[in-house]
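Trainee: Sequences and hints are given; from them, build the entire structure.
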Amino acid sequence: MRVVVDFDLCESNALCMQAAPEVFEVRDDDFLYVLQDNPPEELRSKVEEAVRRCPKQAISLED
Amino acid sequence: MNNVVVVGASLAGFRAVEELRHQGYDGAITVIGAEPHLPYDRPPLSKQILSGSWETDRLPLTPIGKDVADLDVSWRLGVAASGLDLGARQVDLADGSHVSFDALVIACGAGVRTLPGQPELAGLHTLRTLDDCLALRADLDATPRRVVVVGAGFIGAEVAATARQRGLDVTLLEALATPLQRALGDAMGAVCADIHRDHGIDLRLSTGVDGFDDDGHGRLTGIRLSDGTTIEADVAVVGVGVAPNTGWLEGSGLTIDNGVVCDETCLAAPDVVAAGDIARWPNGLFDEVMRVEHWENAQEQGAHVARRLLGQLDAYRPVPWFWSDQYDRKIQLAGRSSADDEVQVVDGSIEERRFVALYGRAGRLVGVLGMNRPRPVMEYRQLIAAGTSWQDALAR
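If you read the protein sequences in the order shown, they are chains A and B.
Per our numbering, the first sequence starts with residue 1, numbered consecutively.
Per our numbering, the second sequence starts with residue 1, numbered consecutively.
To be clear, the hints were calculated from the coordinates, so they are not data collected in a lab.
Among the clues, some could well be false.
Below, in silico cross-link-like pairs of lysine to any residue (SDA-like), each with a Cα-Cα straight-line distance of 25 Å or less [said to hold, decoys possible]: (1) B:LYS330 <-> A:GLN18; (2) A:LYS56 <-> B:LEU134; (3) B:LYS47 <-> B:GLY200; (4) A:LYS46 <-> A:ASP63; (5) A:LYS46 <-> B:PRO63; (6) A:LYS56 <-> B:ARG354; (7) B:LYS330 <-> A:PRO21; (8) A:LYS56 <-> B:THR221; (9) B:LYS330 <-> B:PRO119; (10) B:LYS47 <-> B:ARG354; (11) B:LYS330 <-> A:VAL51; (12) A:LYS46 <-> B:ASP70.
These numbers were taken from a predicted model, which means no experiment stands behind them.
Mentor: See the structure below:
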């Protein structure tokens with residue numbers, strides 16, 4: 001599973017960070033940082049939740 | 001359960017369907033939608049689609065890693081539900097047909113309010129649907145002399161900002177003395193007012209609409225104001241809020257009171273759930289029976305009611321959250337702020353238009369407003385969910 005963020009769409013709403021803090025972090029500079037590009041399979045449901053919650057549909061998963 | 005009917009083909013209904021399939025439900029699903037379109041995302045309608053920076057191919061909602069077709073839904077689009085017979089477990093449609101169910105998701109949202117006596121005129125718009133948006137965009141493309149936006153709530157503010165960013169002259173009318181006064185209070189509402197003025201909007205507060213002038217051939221020419229003046233305008237947008245689409249449920253036996261009234265799990269009747277803008281339920285986190293008109297709630301509540309139908313009995317206790325993009329500012333609001341709350345800026349500064357303000361009531365942190373400060377908004381949102389006291393929130 002590979003996490004791809006379209007940073008042209010991302011607006012740092014930080015909902016992804018709530019869903020999967022192991023993978024997504026909006027830091028104090030208010031930019032999103034992807035902590036793991038290839039998160040382990042046990043995080044899949046959390047990462048999928050982050051994909052769904054993104055109001056900008058800026059996150060996608062490549063298997 | 002092997003025959004689920006979903007009334008409403010927007011975000012809440014879509015997410016209910018997606019979650020039903022995600023949880024392994026493999027029975028029939030029928031989705032009834034009043035609009036002719038497959039589910040699409042509404043927030044860009046007041047922003048990217050209206051500005052012209054996106055085309056409509058960006059809007060469709062899709063399940064993760066799949067196509068909409070993979071959801072195996074029977075779509076009944078372009079026809080509204082017109083009645084509900086709970087005893088017969090049947091939804092009546094406006095075309096005279098009927099759809100039977102053994103479980104029902106009510107997710108048909110809300111419709112725009114209009115002003116009393118508001119006429120039908122070319123150039124006079126409301127904004128809720130994709131078709132509304134495209135009609136308004138076509139009028140903006142024709143470079144009107146002036147655009148008047150009635151109502152400085154979040155939709156009105158976004159439409160005004162988008163029209164202004166297209167280089168148009170914009171007048172924004174607000175009946176109250178401060179924009180967003182009921183949600184944000186006077187001080188924070190005043191900040192929003194200043195942002196509009198900074199961008200060259202002709203903002204008129206405490207100003208109502210008395211009527212609309214036309215050219216005698218059904219085209220808008222001006223708006224008559226409560227102060228006795230008239231603004232000439234070719235295009236006006238009325239953004240005075242929405243009302244839940246409950247008309248078809250009158251007499252059904254469901255409790256209708258500013259929405260479909262549900263229990264704390266979002267169940268409205270046996271095997272009947274409601275989600276999104278139309279649902280009103282007791283949120284135990286706030287001791288309030290609430291109805292929430294936000295994008296994220298449609299999404300979360302849609303998924304919640306799908307799990308409810310599958311037997312999960314959890315109460316639905318979210319901290320409501322939403323965002324609004326205006327000019328280069330991102331406004332985010334979480335919780336249940338109101339005009340009477342204590343307000344304290346705890347991060348950044350109002351002058352820089354980059355700050356976090358907290359709302360406290362009865363000794364508790366109840367809301368957080370952020371302007372271009374998304375990270376702390378999420379942190380305070382979690383504190384609201386945890387029931388943090390006002391003193392502890394301020395001491396952080």
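Trainee: Hints broken by the structure, by number, lowest first?
Mentor: 8 and 9
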